[in-house]
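Here the protein sequences line up with chains H and C, keeping their order.
Its first residue numbered 1, the first sequence is counted upward by one per residue in our numbering.
Its first residue numbered 1, the second sequence is counted upward by one per residue in our numbering.
Please keep in mind that the hints were generated in silico from the structure rather than gathered at the bench.
On a predicted model such as this, the values are computed, not experimentally measured, just so you know.
Be aware that a few hints might be false.
Said to hold, decoys possible - With a straight-line cut-off of 20 Å between C-alpha atoms, the simulated PhoX-like cross-links for lysine-lysine are:
(1) K45(H) to K23(C)
(2) K45(H) to K107(H)
(3) K45(H) to K103(H)
(4) K23(C) to K42(H)
To be verified - Some chain C residues well away from chain H (every beta-carbon gap over 12 Å; in silico):
(5) H4
(6) A16
(7) V37
(8) S61
(9) E82
(10) S85
(11) R87
(12) Y95
(13) G99
(14) G102
(15) S107
(16) V116
(17) S118
For glycine and all other residues, C-beta sits at the position ideal for the given N, C-alpha and C.
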Amino acid sequence: DIQMTQSPSSLSAFVGDSVTITCRASQSIGSFLNWYQHKPGKAPKLLIYDASTLQSGVPSRFSGSGSGTDFTLTISSLQPEDFATYYCQQSYSTLFTFGPGTKVDIK
Amino acid sequence: QVQHVQSGAEVKKPGASVKVSCKASGYPFNTYTMHWVRQAPGEGLEWMGWINAGQGKTKYSQKFQGRVTITRDTSASTAYMELTSLRSEDTAVYYCARGVRGGPFDSWGQGTLVTVSS
Numbered sequence: 001d002i003q004m005t006q007s008p009s010s011l012s013a014f015v016g017d018s019v020t021i022t023c024r025a026s027q028s029i030g031s032f033l034n035w036y037q038h039k040p041g042k043a044p045k046l047l048i049y050d051a052s053t054l055q056s057g058v059p060s061r062f063s064g065s066g067s068g069t070d071f072t073l074t075i076s077s078l079q080p081e082d083f084a085t086y087y088c089q090q091s092y093s094t095l096f097t098f099g100p101g102t103k104v105d106i107k
Numbered sequence: 001q002v003q004h005v006q007s008g009a010e011v012k013k014p015g016a017s018v019k020v021s022c023k024a025s026g027y028p029f030n031t032y033t034m035h036w037v038r039q040a041p042g043e044g045l046e047w048m049g050w051i052n053a054g055q056g057k058t059k060y061s062q063k064f065q066g067r068v069t070i071t072r073d074t075s076a077s078t079a080y081m082e083l084t085s086l087r088s089e090d091t092a093v094y095y096c097a098r099g100v101r102g103g104p105f106d107s108w109g110q111g112t113l114v115t116v117s118s
């Protein structure tokens with residue numbers, strides 16, 4: 001199976017800050033990388049697919065980049081509603097795998 | 001609009017089985033895949049498996065192989081996930097999620113809490 005890692009595992013930031021989360025795959029996955037936002041008690045929400053394509057309705061302050069094994073999710077100008085846990089997921093293999101998550105909370 | 005409504009919370013004893021349903025609406029069920037993902041308390045998201053709703057073909061995470069079965073009823077636009085030989089570590093919220101273009105999961109159910117306790 002393809003293993004996914006994320007860093008950092010958690011971070012604290014102020015409203016208005018820019019934050020970057022890194023995701024790494026154990027083998028090359030091209031651009032088959034998706035990002036999700038998950039809040040407690042809610043269903044996960046797709047933010048970005050194919051490494052850099054913004055899902056419909058997702059604010060433009062979210063952006064993704066990368067290919068091969070290394071990817072990043074950037075949130076520019078963090079908003080109060082952005083405090084959540086973020087997961088990357090590979091869809092290169094039909095045995096889909098998620099990263100361990102990055103919790104973003106308020107400083 | 002696209003929607004997935006899951007069955008209600010379950011409490012099971014160790015060794016029992018649980019079957020969770022996921023009813024889809026707002027799109028042609030047969031033309032997508034349906035995935036199952038779980039989140040145990042304090043843990044991250046864990047992919048369990050998926051079904052091609054049209055063909056009925058399935059694929060499972062090696063971790064759950066032999067214990068999980070995903071099925072669907074196309075006439076009811078409903079997918080099911082059955083997990084057997086439950087243990088306390090299976091206590092989790094279980095989600096169904098629609099897969100698009102063989103990749104990302106763009107619409108999720110509300111989640112079903114399964115509690116395994118003696």
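How the hints compare with the structure:
A distance of roughly 18 Å separates the Cα atoms of K45(H) and K23(C); the hinted pair therefore holds under the 20 Å criterion. Restraint check for K45(H) and K107(H): the C-alpha separation of about 23 Å exceeds 20 Å, so the hint is violated. Our distance criterion of 20 Å between C-alpha atoms is met by K45(H) and K103(H), whose separation comes to about 15 Å. For the hint pairing K23(C) with K42(H), the CA-to-CA distance comes to about 18 Å; that is within 20 Å, so the pair holds.
Against chain H, the non-interface label of H4(C) is violated: not every CB pair exceeds 12 Å, the least being about 9 Å. For A16(C), the condition that its CB be more than 12 Å from all CB atoms of chain H holds, with the nearest at approximately 26 Å. Remark: the non-interface label on V37(C) conflicts with the geometry, its nearest Cβ contact in chain H lying 8 Å away (cut-off 12 Å). Distance check on S61(C): its Cβ comes as close as 6 Å (rounded) to a Cβ of chain H, failing to clear the 12 Å threshold; non-interface status is violated.
No Cβ of chain H approaches the Cβ of E82(C) within 12 Å, the least distance being about 19 Å, so the stated non-interface status holds. Non-interface status of S85(C) relative to chain H is upheld: no Cβ of that chain comes within 12 Å, the nearest being about 21 Å off. Residue-level check passed: R87(C) sits 22 Å from the nearest beta carbon of chain H, beyond 12 Å. Annotated as non-interface, Y95(C) brings its C-beta within 12 Å of a C-beta of chain H; the closest such distance is 6 Å.
Not every CB of chain H is more than 12 Å from the CB of G99(C) (nearest about 8 Å), against its label as outside the interface. The Cβ of G102(C) does not lie farther than 12 Å from every Cβ of chain H; its closest approach is about 7 Å, which violates its non-interface assignment. A Cβ of chain H approaches the Cβ of S107(C) within 12 Å, the least distance being about 8 Å, so the stated non-interface status is violated. No beta-carbon of chain H comes within 12 Å of the beta-carbon of V116(C); the shortest separation is about 20 Å.
Listed as outside the interface, S118(C) is consistent with that label: its C-beta sits roughly 26 Å from the nearest C-beta of chain H, beyond the 12 Å cut-off.
Violated hints, listed in ascending order, are 2, 5, 7, 8, 12, 13, 14, 15; each of the other numbered hints is respected by the structure.
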